[in-house]
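K.L.:
Read off the chains here:
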Amino acid sequence: MAYTPYDWQQVLQQKADYVEDRLRQGSPVVAVSCQEGILLLTVRRNQRKIFEVYDRLAFSGLGQQSDLEAVRQVLVDFTHSEGFQRSTEDVSIQRVVGLAISPVLKRAFSDPTKIPLVLRGLFAQVEDRPEDDLFYTLDFDGEFSLVKNYAAVAGTDQAHQAMEKILSELDTATSPENAFKGALQAWVAGRWQMRHGSEGEDKSNLGGSESERKTLLRETLESANVEAALLERDTHRERRFRLLDKEEINRYMPRL
Amino acid sequence: MPEELNHSAVDFWDLLRQHEIPFPNSESLVSPAMPVKSQESIGVHGTTVIAVKFRDGVLDIADRRATASNYIMYEEAEKILSLDDETLIAIAGSYAAASEAVRFLRHSFKYYARSQLQDMSLEGKLSEVSRVLRQSVPGALQGIGGFLPIVSAYDSKKKEGRIFFYDMLGARFESREFGSAGSGSERIRGSFEYIVRTKGPFREMTLQESLRESLLLLDIAASLDTATGGLSKVLPIAKTVTAQGVVDVPEEELKAIRKELMRER
Numbered sequence: 001m002a003y004t005p006y007d008w009q010q011v012l013q014q015k016a017d018y019v020e021d022r023l024r025q026g027s028p029v030v031a032v033s034c035q036e037g038i039l040l041l042t043v044r045r046n047q048r049k050i051f052e053v054y055d056r057l058a059f060s061g062l063g064q065q066s067d068l069e070a071v072r073q074v075l076v077d078f079t080h081s082e083g084f085q086r087s088t089e090d091v092s093i094q095r096v097v098g099l100a101i102s103p104v105l106k107r108a109f110s111d112p113t114k115i116p117l118v119l120r121g122l123f124a125q126v127e128d129r130p131e132d133d134l135f136y137t138l139d140f141d142g143e144f145s146l147v148k149n150y151a152a153v154a155g156t157d158q159a160h161q162a163m164e165k166i167l168s169e170l171d172t173a174t175s176p177e178n179a180f181k182g183a184l185q186a187w188v189a190g191r192w193q194m195r196h197g198s199e200g201e202d203k204s205n206l207g208g209s210e211s212e213r214k215t216l217l218r219e220t221l222e223s224a225n226v227e228a229a230l231l232e233r234d235t236h237r238e239r240r241f242r243l244l245d246k247e248e249i250n251r252y253m254p255r256l
Numbered sequence: 001m002p003e004e005l006n007h008s009a010v011d012f013w014d015l016l017r018q019h020e021i022p023f024p025n026s027e028s029l030v031s032p033a034m035p036v037k038s039q040e041s042i043g044v045h046g047t048t049v050i051a052v053k054f055r056d057g058v059l060d061i062a063d064r065r066a067t068a069s070n071y072i073m074y075e076e077a078e079k080i081l082s083l084d085d086e087t088l089i090a091i092a093g094s095y096a097a098a099s100e101a102v103r104f105l106r107h108s109f110k111y112y113a114r115s116q117l118q119d120m121s122l123e124g125k126l127s128e129v130s131r132v133l134r135q136s137v138p139g140a141l142q143g144i145g146g147f148l149p150i151v152s153a154y155d156s157k158k159k160e161g162r163i164f165f166y167d168m169l170g171a172r173f174e175s176r177e178f179g180s181a182g183s184g185s186e187r188i189r190g191s192f193e194y195i196v197r198t199k200g201p202f203r204e205m206t207l208q209e210s211l212r213e214s215l216l217l218l219d220i221a222a223s224l225d226t227a228t229g230g231l232s233k234v235l236p237i238a239k240t241v242t243a244q245g246v247v248d249v250p251e252e253e254l255k256a257i258r259k260e261l262m263r264e265r
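Taken in order, these protein sequences are the chains called A and Y. When you line the first sequence up against our numbering, it's residues 1 to 256, in that order. When you line the second sequence up against our numbering, it's residues 1 to 265, in that order.
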């Protein structure tokens, strides 16, 4: 049977629908610059979702765990072979996203014979000053974009907008505690929007009210946990990345 | 799943092999036509690096001189390097081979932690050092890249500092109190024993006491060995590894003890 451009377009549409359907209920991920570094946060049930990739680089995302894992391994391989061959300074976020992973996702998405990867990724690179920190978001079709100060990925556009509304009010000169609180608020706003929002709805209640978010967070934390990590800006440690332990998370948690 | 996402490297050695990145670099310089050096000359490395225990962990100290035969190339070489937040390495021998090995080990430990999502065990790290040494044997035999390390680590399970030294083939030995390497180390070996017998074990000393004894040892080594830089010209480098991680001993502390030692001469 002849294969027409129309078929190809159809296939891409079906693939996009297939992926977006699966992403819709995924747990959002947030990354925010603060004085001490970059704080990354999500809420999850079992599997870890925030990962150290290289000395100044962290990766997270939503989607199928096996796809996140496959991408993570490629990133770790790429950065370590590059860093060893040249210098650790030559491993940069734009090379990692633009060179190592975006073309792979693009090929998988546009090849009609391949199953696309179900993921929406978030990358963060800590620099010497908060205003120089870099964030990239990467979609399942290989499209990526650079953002500053903060970044968020969610299952729907509206959820993303709800998160941005909260994140845009955050100050990058803040402490990790305030960054944690802001990131958590943004996460809940995204989650609330995914549950309650629908396309075309009035955007005045984007992300829900404070009390609605509080209730949702309380319910969510009955069966899930906050996962947070800090990519430290100034440290004498060899590794800048550290997962926040339970004690630290409890200290930063708002009263519910 | 796209082919590019088929991850198959089991460790950092494997990753480098897959990407055709040579390690060690000296491998390409080794030729069967080149003569093998005598056993005695292989182990001689112009320097003195010292590791001694103290109450909270291990103190590493080294002179800063880099030599080529009887030529002083550089007076600010760094011979104490951290491999990660719990491990220090002190290097004696070919600086090129040793610094490449350190870069490899740092990457290898981090690669393991980041890909496997768990830190490499102390035993695993020590074996990795052995493996690196074994790989550099051909170069060492032909005089283009031998080195001997002292590895100091804080064992978070045993909650104590530990010191390991190696032979050229990668055999590993643990030292109860101290370790040293380089041409100057042979000349001060007896002094270590003397300190332990007359002043008690290093592991019971405070950092200040260990620091004083090891600076004195380095000064003695420098007075007996031309390849070891003394205390007077360039300040030695000293680092500690404890439960708090790797920390540089502040220059002011070193200067104060140096002043004292110079006065006592």
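Don't take every hint at face value.
Said to hold, decoys possible - Simulated pairs of lysine-lysine, BS3-like, Cα-Cα distance not exceeding 25 angstroms:
1) A:Lys246 - Y:Lys159
2) A:Lys246 - Y:Lys157
3) Y:Lys259 - Y:Lys199
If you're looking for bench data, these hints aren't it; they were derived computationally from the structure. Computed from a predicted structure; not experimentally measured.
K.L.:
For every hint, state whether the structure bears it out.
P.N.:
We went through each hint and held it up to the structure:
For the proposed pair lysine 246 of chain A and lysine 159 of chain Y, the alpha carbon gap of about 23 angstroms is at most 25 angstroms, so the pair holds. For the given pair, lysine 246 of chain A sits about 21 angstroms from lysine 157 of chain Y by alpha-carbon distance, which is consistent with the 25 angstroms threshold. For a cut-off of 25 angstroms, the pair hint linking lysine 259 of chain Y to lysine 199 of chain Y stands: about 22 angstroms separates their Cα positions.
In summary, this structure violates none of the numbered hints.
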